[in-house]
Amino acid sequence: MCLFIIEVMSYRTFNELWIEAQFTLDEATKNDSNLLTSKINKDKVVVFKELSLIMVNYISAINKLDECYDQVIQPQKRILIRNILELCLGRYLELKNDMVNLNFNEFTYLDSAIAQLRLLPQDVELTIPLHYRNERSKTIEWQSNFIDHVLKKTGFYEEEKVEVDMPNRQAILLIQRHERARQGRMRAQFMKEVRAMNKPDAADIEISDNARKAAMKIQRVWRGFITRRKIRIRVVEEMLLIGMLPPNTIDIEEQQKAEEVKSTRRIIQEKRQKEYELALIQEKDKIRDHVKEKMKEDIRDEVRSWYMGVKSQTGKFPDLPSEESGGSAVIYTRYKTASSLSKSTSQSSSKGTKSHKSKSIAGKESKEEIKKKNDEEDACFKMEPSNFLQELMLACSEYEEVWKGMDETKNSSQKHIESIVKTQKIAEVERELRKIVDVQLRVELETLQNALDKDNAIRIKRSKKQKKVKRSSKKAKKKRDKDLTPDRTLESLFEELVMNGIVHKYPSVSLRSFKGDTSYAGCDVMRWDKDPSPTLGDVRQAVRDSCVLPMLSNEIHQASPVVRSVLIAGVHGSGKHMLVNAVCSELGATLFDLTSANIVGKYPGKSGLTMLLHLVNKVARLLQPSVIFIEDAEKTFMKKVPKTDKTDPKRLKKDLPKLVKAIAPTDRILLLGISCCPWDCDQKSLTSTYGKIIVIPRPDYASLYHIWNDLLFQYSGLSRKFDISSLAKLSDGYSIGTIIKVLQEVRY
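Residue 1 is where the sequence shown starts when you use the numbering used here, and the numbers rise one by one after that.
The reader is advised that the hints may include incorrect statements.
Between beta-carbon pairs, the in silico distance windows are [unchecked claim]:
1) 264 with 238: 34 to 44 Å
2) 19 with 653: 20 to 30 Å
3) 723 with 273: 25 to 35 Å
4) 275 with 405: 50 to 60 Å
SDA-like mimics (lysine to any residue), calculated; alpha carbons at most 25 Å apart, straight line [claimed, not checked]:
5) 415 with 311
6) 316 with 439
7) 721 with 404
8) 404 with 723
9) 425 with 83
10) 650 with 706
11) 658 with 709
12) 262 with 82
13) 311 with 444
14) 382 with 665
15) 30 with 83
16) 653 with 702
17) 294 with 404
18) 654 with 642
19) 49 with 150
20) 515 with 693
21) 643 with 692
22) 654 with 404
FYI, nobody ran anything at the bench for these hints, they're computed from the structure.
Glycine residues also receive a C-beta, built at the ideal position from the N, C-alpha and C atoms.
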């Protein structure tokens with residue numbers, strides 16, 4: 001009964017949420033398409049405003065779709081929701097890239113769009129979908145266990161001491177001691193009661209007037225104190241109720257109940273998915289058994305009628321399209337194209353005279369006007385073409401056609417819909433059978449043409465085999481690196497890197513735990529042609545958009561703008577290591593540490609360095625997504641290394657740019673460096689190696705307030721009216737690491 005209620009509630013609730021997401025998405029895609037295909041070049045300010053509104057709508061839709069995909073039970077819905085979600089993420093990354101090219105800034109300021117749409121900043125904080133990491137949970141667990149196993153084998157971890165059971169003699173003595181103590185407490189309590197019985201009654205003792213007045217005064221003061229305390233408690237409760245004060249404790253019980261409901265839905269999801277996969281297999285077998293021969297005959301009749309029609313027109317049989325170009329299925333699309341071309345000939349002939357006139361008028365324009373137009377075009381901004389928008393609009397149209405008006409009152413258990421399964425499998429079986437029929441008909445066509453040639457007494461040497469479509473062989477021509485370890489398994493390579501400390505574990509950190517508020521006045525500052533100062537919240541969003549979202553899946557990574565390397569720069573204690581751990585945790589990535597201090601003395605010489613880079617490249621591609629981490633990234637490109645530095649930081653100076661360049665668009669590998677003084681090196685080499693540089697600024701007042709608030713109110717003894725505002729002003733200029741260090745020292 002409980003499972004049935006959960007199914008019905010999720011079916012209705014998340015259907016409504018999906019409708020809201022699609023409504024927002026329809027508006028976003030419509031505006032996006034208009035902006036992308038607009039023939040009139042717009043001013044950069046206008047483009048920025050429109051891009052901001054579109055990005056905010058995409059973020060809102062992504063958050064809703066992510067929640068739907070996590071909790072919707074119906075398997076066919078989840079397939080479409082996932083497809084739309086991935087396309088939205090890809091289009092968002094493309095728009096983010098356009099925004100960076102527009103403003104020449106890695107930070108995106110959406111405060112004006114948020115205010116215009118009357119949203120809260122929390123509403124447009126894009127949530128990172130968790131299902132990508134959950135799908136790799138077994139691989140992540142294997143890596144963690146394998147690293148632990150290797151470290152235990154090498155003696156890095158001490159063996160867990162097994163507690164030995166207490167001997168019987170020692171257990172008896174312990175019980176006797178506790179029993180004697182209990183009897184002693186009982187005797188003391190008995191004697192206390194006896195002494196209390198011998199005391200005179202308080203009512204029999206006469207109280208003087210002074211004592212009575214003193215007692216009344218004490219009572220009056222006490223009652224006043226109690227009343228004032230109750231009033232203060234009521235005020236705090238009221239402020240907590242309306243959300244003006246943070247709660248002392250978080251209601252963990254309610255959160256646990258919500259998580260239990262979510263986990264129950266996920267169990268039902270797996271059950272429905274297995275039923276759906278079984279139905280796909282059964283339906284395909286059913287179609288093959290009953291409709292297979294009829295479908296073959298229908299395909300033969302269609303193709304035969306086509307080539308007989310061509311023969312009656314041209315006098316010879318046509319060649320059937322090759323399998324690479326689509327086979328006989330291409331015939332119908334060609335017919336449609338030919339008919340549309342024939343219809344458009346009359347229109348093109350009428351337009352020819354107009355175009356001739358327009359060319360003659362354009363030729364009369366002066367050179368100055370042409371130059372002026374070119375200058376105006378250069379001043380305007382042109383968006384990059386999209387790899388996701390057309391597919392996204394098609395996916396949205398599929399929702400409109402199939403799911404929007406569907407009556408699901410009889411499918412409250414949210415099982416798969418058999419009619420959709422049948423249609424899907426009929427199309428799949430037809431594609432498979434068409435390939436078989438095409439092979440037979442090619443032989444048939446060749447026989448017929450040979451017979452026709454004999455009848456006409458024409459001897460033509462016909463090629464028995466149709467020429468295959470030549471594909472570009474750029475990938476074949478590309479020089480591949482020689483595999484230095486062809487006979488070794490992935491486990492042995494991974495073990496070697498773990499033993500040398502190149503691969504190691506990292507603390508699990510959420511990107512949301514990097515506290516900080518976003519900028520609320522960035523657009524206002526930009527109106528004065530000034531670069532606004534980013535905040536810690538803007539840094540968090542930039543790291544998410546550059547390091548996490550592009551590496552979530554192969555589909556997103558291959559089609560979105562390529563990000564091969566990122567450098568995070570900031571002072572000591574600004575949270576650089578935390579961001580690196582957060583990126584790895586959100587992706588479930590394999591971390592390769594190529595810091596100069598970590599590889600010193602390992603893989604010596606030129607051949608050793610070649611082997612190290614080969615191992616990192618090979619294992620990183622096998623265990624994608626992967627993050628190659630370099631601490632103190634500026635030391636690699638320093639002009640003069642201090643004599644006190646014995647780590648040989650310039651060891652990777654020549655090979656690191658090659659490593660970045662070798663990362664293909666299909667490789668989910670990211671070079672992630674951190675630096676506290678990026679100016680202490682050759683800037684040209686640094687910027688050519690790291691494609692993006694994200695600078696962590698000093699915390700502003702809003703970020704400091706949030707950080708103090710979150711850190712201090714973890715302790716229940718602190719007053720709710722503690723003046724955090726003054727503390728945030730006093731700590732202006734200090735890094736987050738310094739603040740955390742101060743709290744730890746005060747605590748201990």
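Do the hints match the structure? See the list:
no. : hint                     : verdict
1   : 264 with 238: 34 to 44 Å : holds (36 Å)
2   : 19 with 653: 20 to 30 Å  : violated (56 Å)
3   : 723 with 273: 25 to 35 Å : violated (54 Å)
4   : 275 with 405: 50 to 60 Å : violated (25 Å)
5   : 415 with 311             : violated (50 Å)
6   : 316 with 439             : holds (20 Å)
7   : 721 with 404             : violated (50 Å)
8   : 404 with 723             : violated (52 Å)
9   : 425 with 83              : holds (19 Å)
10  : 650 with 706             : violated (40 Å)
11  : 658 with 709             : violated (46 Å)
12  : 262 with 82              : holds (18 Å)
13  : 311 with 444             : holds (14 Å)
14  : 382 with 665             : holds (24 Å)
15  : 30 with 83               : holds (19 Å)
16  : 653 with 702             : violated (40 Å)
17  : 294 with 404             : violated (34 Å)
18  : 654 with 642             : holds (19 Å)
19  : 49 with 150              : violated (54 Å)
20  : 515 with 693             : holds (20 Å)
21  : 643 with 692             : violated (30 Å)
22  : 654 with 404             : violated (57 Å)
Hint compliance for this structure: hints 2, 3, 4, 5, 7, 8, 10, 11, 16, 17, 19, 21 and 22 are not met, and every other hint is.
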